[in-house]
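Fit chain L to the supplied structure of chain Y, relying on the hints for placement.
Chains as they are written, first to last, in this note's numbering: chain Y, 1 to 294; chain L, 1 to 340.
Among the clues, some could well be false.
[Said to hold, decoys possible] What follows is a set of in silico ranges between Cβ atoms, one per label pair, in the way DEER data are often shown:
hint, chain 1, residue 1, chain 2, residue 2, range
1, L, S102, Y, G116, 38 to 48 Å
2, Y, L262, L, E247, 53 to 63 Å
3, Y, E259, L, S315, 50 to 60 Å
4, Y, G210, L, T50, 44 to 54 Å
5, L, G192, Y, L284, 43 to 53 Å
6, L, G192, Y, S252, 26 to 36 Å
7, Y, R8, L, D104, 36 to 46 Å
8, L, K54, Y, R291, 49 to 59 Å
9, L, T328, Y, G116, 19 to 29 Å
10, Y, R8, L, P181, 17 to 27 Å
None of these hints come from the bench; they were simulated from the model.
For glycine and all other residues, C-beta sits at the position ideal for the given N, C-alpha and C.
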Amino acid sequence: MARIIELRVDQLEPGQVVHAVARAIARGDWVRGGADGQIDASKLGPGQAGTGQAGAGQAGTGQASGQPGAIQQAGGHQGEDGQRAYSQGAASLGASNQASGGDDDAIYVVLLTTQGCDFVGCGLKDLLKAETGASVGAYGFANTDNCECVVQGNAGDYFGHSQVSGTLTVMGSVSDSLGAMAIGGLNVVLGDAGNRAGVSLRGADLLVRGDVGSHAGYRMESGTLVIGGNAGPNLGAQMRGGSIYIRGEAQSISSDIEEARLREPDRLKLSLLLMKAGIRASALKEFRVYRKPD
Amino acid sequence: MNTKKSKGSGDGSKRISEGRFVPKSLAERLEHSPGLGDRTDTGCRITSQTSGRKLYWPVPVFTRLGIDTPASDSLRLVLDRLRKRCGISVVGNSLQQSLERSLDDGLSIAPIMVDEPCSLRSLMHAEQMELQFFRSRSGGGGGASEYYLADEWIPKMPSDLMQVEHLAKRVELYRSISDQPTVVVGACIAAGSIYHDVRYLIDSGLDYVCLLTDAVGGLMPARRWRFESIPRGIEEAKRAIADSGVEGFSLFLSGAIDQMEQPLDWIFDGVQAFSIDSVLASRGPAAVTSSASSDESFSSFLGGSTGYATPSAPSYDWLLDEADSWLTDWSSLRRFFMSR
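One chain only, chain Y, in its complex shape (with noise of 0.2 Å):
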């Protein structure tokens, strides 16, 4: 039986979320499907879930959790008290359930937050999924290991910071320092990056579909940073390992790295995280790659 945790972290100490998820887990706080109480996370499925919620019903059809694509299907943005995108947060499971027949394990987290709240969600692990229902601050999902993880909103300044494994993912558009020091799991960013994306990063894999700022790849390690639009200047500056795809244009290009000839793995690798991504892999052949100098 997967079980649903809710919790209304902006009550607690920024931090504290991965301590009150430890506790609810110990606890077994399992679901509360709305207003009602407790309900039976078991008999939760696609379009079943938070009873009694407008329009939660209409949630998550069917859609195979793991992709952003479900969570766009399932529909809302930017719930105001979070409890609607609990709702809709329990539909995908229900539907992600379904497609994994059923994990006994699986633990599902809803982060009921007030906007642009800090250090969200950090050094959470080993969870089916988290996600919130409001935009996120600084270090949102920090040091995150095997979890999915959603923000149904913009995320702050070092969004996913030394995440280890996993799949972040931001709806809307993130701020300065995506991903740094990130050493594996992959980041989907489905609008706009700010400065420095990529910065020291140590081996994940980030993916922007919109346009990211000066400096990307700033002092990069390790890693693939993916770039779905523009540049801005000097993209890839000090950069001593990994990959830069870019379908855009940049700027200006450091000196530090040089194009190189996009090759089958290159593709593969794309498409791979485009993939994984939800997006469609139409545009391969539009994309340049990045590298240091051998």
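Only chain L this time, still in chain Y's reference frame:
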């Protein structure tokens, strides 16, 4: 970088002879318990300038051996025992997270390598945290096993931080991830541009700075490096603290101790706690075993050869006795004198 071995300065006895320290009078001594083994009056309190929290240390002594040397499990085990038996605080990741704590135990200070991915889960129950502004190398596995390059105490800034405000936010993150949001967070810097570095750390909201004027790398044999003269280091740091206008910002010192009176001098000068690594390194069985078995001979090209007998793991039990002995002597000395 100056790597000369430290030489005796004699500052401590000189200052004592100059009358900077005077023995307590008999009348004052009568007011106190005569228990010589009692060290409770020699503790210190570290104040968090942000939360106002006071953190009690049973003795104002710490060791960085767990982080400055290639730490084996046997060394970590001994350091844990050192923490419990002598009350010495230990910088380094503890081998075992024991729930049993005594008021007389030293603290376990969680190190944070500033230019490595942070491992927040390891900080959740930290009693105290210390940022290490040195070059380090990640051992992989999620950044949990980080260590120094053994021979290089190279000052290093976090490569993903550009402004003071960014470091302040990072420090806030560390505090907030802890189960004690008032946790004391400090930083250790190799003495270089001390004044500006300390001002930077104070502006970033840290609670204390540890000045590394000397470093000890390895114990068998011990290797020592000197970066800066201790008096100048203390003077610069104190000037920076005074100029910042922040009260209660603490200063730690990891310097070479040539005479037992020196730390008294440092405490008189405003240092809250000091490291005894140089003492321990000088008392170790280095001379005897330097050419024999050592699991720290990582630089030896014979290390990976299968044609030689594998050396047995060194025992660090002597650390306990040496530390206990030195601490007893020093505590007695401290009780004997009082500052004017």
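Tested hints:
1. For S102 (chain L) paired with G116 (chain Y), a C-beta distance near 43 Å keeps the hint of 38 to 48 Å intact.
2. Checked against the hint of 53 to 63 Å, the C-beta distance between L262 (chain Y) and E247 (chain L) comes to roughly 60 Å, which is consistent with it.
3. At about 57 Å, the CB distance of E259 (chain Y) to S315 (chain L) agrees with the hint of 50 to 60 Å.
4. In this structure the supplied range 44 to 54 Å is violated for G210 (chain Y) paired with T50 (chain L), their Cβ-Cβ distance being about 37 Å.
5. The hinted range of 43 to 53 Å is satisfied by G192 (chain L) and L284 (chain Y), whose Cβ atoms lie roughly 49 Å apart.
6. For G192 (chain L) paired with S252 (chain Y), a C-beta distance near 33 Å keeps the hint of 26 to 36 Å intact.
7. In this structure the supplied range 36 to 46 Å holds for R8 (chain Y) paired with D104 (chain L), their Cβ-Cβ distance being about 41 Å.
8. A beta carbon spacing of about 52 Å between K54 (chain L) and R291 (chain Y) agrees with the range 49 to 59 Å that was offered as a hint.
9. At about 55 Å, the CB distance of T328 (chain L) to G116 (chain Y) disagrees with the hint of 19 to 29 Å.
10. A C-beta distance of roughly 18 Å is found between R8 (chain Y) and P181 (chain L), which places it inside the suggested range of 17 to 27 Å.
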